[in-house]
Amino acid sequence: MLAMNSRDKSNYKNSTQLDIRGKMCPLTFVYTKLTLEVLTKGDILEVYLDFPAALKNIPESCKRQNLAELLEIKEIHSDKPEWIMILRKI
Amino acid sequence: MDLTEEQINRYSRQIVLKEVGGIGQKKLLASKISLIGLGALGSSTAYYLAAAGVGTLQIIDFDTVEMSNLHRQILHFTKDINSKKTTSAADKLNSLNPDCTIEIINDHITPKNSKALLKDSDFIIEGSDNLPTKMLINDTCISLKIPFTIAGVLRFHGQIMTVVPEKMTSCYRCVFGDITEGDSSMSCSQAGVIGFVPGVLGCLEANEALKYILNIGDLITNKIMYIDLLRNNFDFIEVHRNNKCIACGDDPKDLVEEANYGGLNACNE
Ligand SMILES: [Zn+2]
Chain A
1 MLAMNSRDKS NYKNSTQLDI RGKMCPLTFV YTKLTLEVLT KGDILEVYLD FPAALKNIPE
61 SCKRQNLAEL LEIKEIHSDK PEWIMILRKI
Chain B
91 MDLTEEQINR YSRQIVLKEV GGIGQKKLLA SKISLIGLGA LGSSTAYYLA AAGVGTLQII
151 DFDTVEMSNL HRQILHFTKD INSKKTTSAA DKLNSLNPDC TIEIINDHIT PKNSKALLKD
211 SDFIIEGSDN LPTKMLINDT CISLKIPFTI AGVLRFHGQI MTVVPEKMTS CYRCVFGDIT
271 EGDSSMSCSQ AGVIGFVPGV LGCLEANEAL KYILNIGDLI TNKIMYIDLL RNNFDFIEVH
331 RNNKCIACGD DPKDLVEEAN YGGLNACNE
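Going down the list, the protein sequences come from chains A and B.
All the letters of the first sequence, read from the start, carry residue numbers 1 to 90 under our numbering.
All the letters of the second sequence, read from the start, carry residue numbers 91 to 359 under our numbering.
Errors might be hidden in some of the hints.
[To be verified] Listed next, the in silico DSBU-like pairs over lysine-lysine satisfying Cα-Cα at most 30 Å (straight line):
#, chain 1, residue 1, chain 2, residue 2
1, B, Lys108, A, Lys56
2, A, Lys63, B, Lys205
3, B, Lys301, A, Lys89
4, B, Lys108, A, Lys74
5, B, Lys108, A, Lys23
6, A, Lys41, B, Lys117
7, A, Lys13, B, Lys108
8, B, Lys108, A, Lys63
9, A, Lys89, B, Lys116
10, B, Lys117, A, Lys23
11, A, Lys89, B, Lys117
12, A, Lys41, B, Lys108
13, A, Lys63, B, Lys116
14, B, Lys301, A, Lys63
15, A, Lys89, B, Lys334
16, B, Lys116, A, Lys41
17, B, Lys116, A, Lys23
[As the list claims (entries may be wrong)] To be clear about the criterion: a stretch of chain B counts as covered by chain A if any three or more of its residues have a C-beta under 8 Å from a C-beta of chain A, and this derived list gives those stretches:
#, region
18, 94–105
19, 108–116
[Unchecked claim] Simulated restraints on C-beta separations:
#, chain 1, residue 1, chain 2, residue 2, range
20, A, Ala53, B, Glu109, 16 to 26 Å
21, B, Ser102, A, Ile73, 17 to 27 Å
22, B, Glu156, A, Pro81, 51 to 61 Å
No wet-lab data here; the hints were simulated from the structure.
Heads up, the beta-carbon is just placed ideally off N, CA and C, and yes, glycines get one too.
Isolated chain A, as found in the complex (with noise of 0.2 Å):
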């Protein structure tokens, strides 16, 4: 388990941040795909969230309508539940 900073940026390039904690599904999605549109095929996206569904919501529904793969989810703090989830866009 990889416990992080928040302000640690990970080890992606040339990435992209989007801070979703506080907001909840469809949101969560909805917000990812928004911030995915307008990326371009190969980029990062770096999702921040503390809405423990999404975790499983947002890849699954990115994989569906073909907008990015899920690459990893690391917990910002082991005492908290925030996360980023790491995504590719294809």
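We have chain A; now place chain B with the ligand onto it with these hints.
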């Protein structure tokens, strides 16, 4: 143009759709749709298009609200009796969705004004209650090369067809020919109509406009969809472009200038 937080929330359930997304929503917000007739068909069409976030809706009607309209014309309320249908409709649509600009044309549509009124529309929806107007809209849209949908209702049944002039799909005249004399036996006031039928067909007309603007799915072109809500029949009748059609055939006439649309030529007084 970026969507605001409020817009993202308002349209979230359609932005979620693969076929719409933020890109589609912005296309809707940038589009202009014209609607002829604010009766029963127009009520449901206008309501759903405004709700969906069409940027500009031009609504055209000359009529005033009557008591006998209210069982089916769902944009108009009891308090609106004797008000202009355009004013009554704009009142509801503005409060439903401030994103949608409502342009009011309080007039008859006639061969004299039809091209000027409709020329900057992305899509046109015909929802009048008479055949001469349907023919005039058909001819005007073919002349302007703007796609349109026409619906009609009677009793428990109704029909709808869409025409895309650029793609040379069958037009209303290809099917119904040169009928321009209004047949009074065919009007709702004589024959009656149940409100749900234009409700359903108005939704179908709105759906045609949305699919065209977003370039998704299949339009009801080269076919007529016929519905009978008493017997639960939903049928498609295939139709074909007639190359001798006076409106869209190989040797078309500018009918808006030449045709006789029953009483329409005279009724803009
Ligand atoms: Zn034709």
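CA of Lys108(B) to CA of Lys63(A), is that 30 Å or under? Roughly 11 Å separates the two Cα atoms, so the pair holds.
When you check the alpha-carbon spacing of Lys63(A) and Lys205(B), does it fall within 30 Å? The hint is violated at about 46 Å.
Please work out if Lys301(B) and Lys89(A) have their alpha carbons no farther apart than 30 Å. Holds, at about 26 Å.
Assess, step by step, whether the Cα of Lys63(A) is no farther than 30 Å from the Cα of Lys116(B), and give holds or violated. holds, 23 Å
Please verify whether Lys108(B) and Lys74(A) have alpha carbons no more than 30 Å apart. holds, 27 Å
Starting from the hint 51 to 61 Å, judge whether the C-beta atoms of Glu156(B) and Pro81(A) obey it. Holds, since Glu156(B) and Pro81(A) (Cβ atoms, about 60 Å apart) stay within the stated range.
Between Ala53(A) and Glu109(B), does the C-beta distance stay in 16 to 26 Å? holds, 24 Å
Between the alpha carbons of Lys13(A) and Lys108(B), is the straight-line distance 30 Å or under? Answer holds: Lys13(A) to Lys108(B) is near 28 Å, not above 30 Å.
Check whether the Cα positions of Lys89(A) and Lys116(B) lie no farther apart than 30 Å. holds, 21 Å
For the pair we were handed, Lys89(A) and Lys334(B), check the Cα-Cα distance against 30 Å. The given pair, whose Cα atoms are some 51 Å apart, is violated under the 30 Å limit.
Is Lys108(B) close enough to Lys56(A), meaning Cα to Cα at most 30 Å? holds, 18 Å
Between Ser102(B) and Ile73(A), is the Cβ distance one that fits in 17 to 27 Å? holds, 23 Å
The structure shown violates the earlier hints numbered 2, 15.
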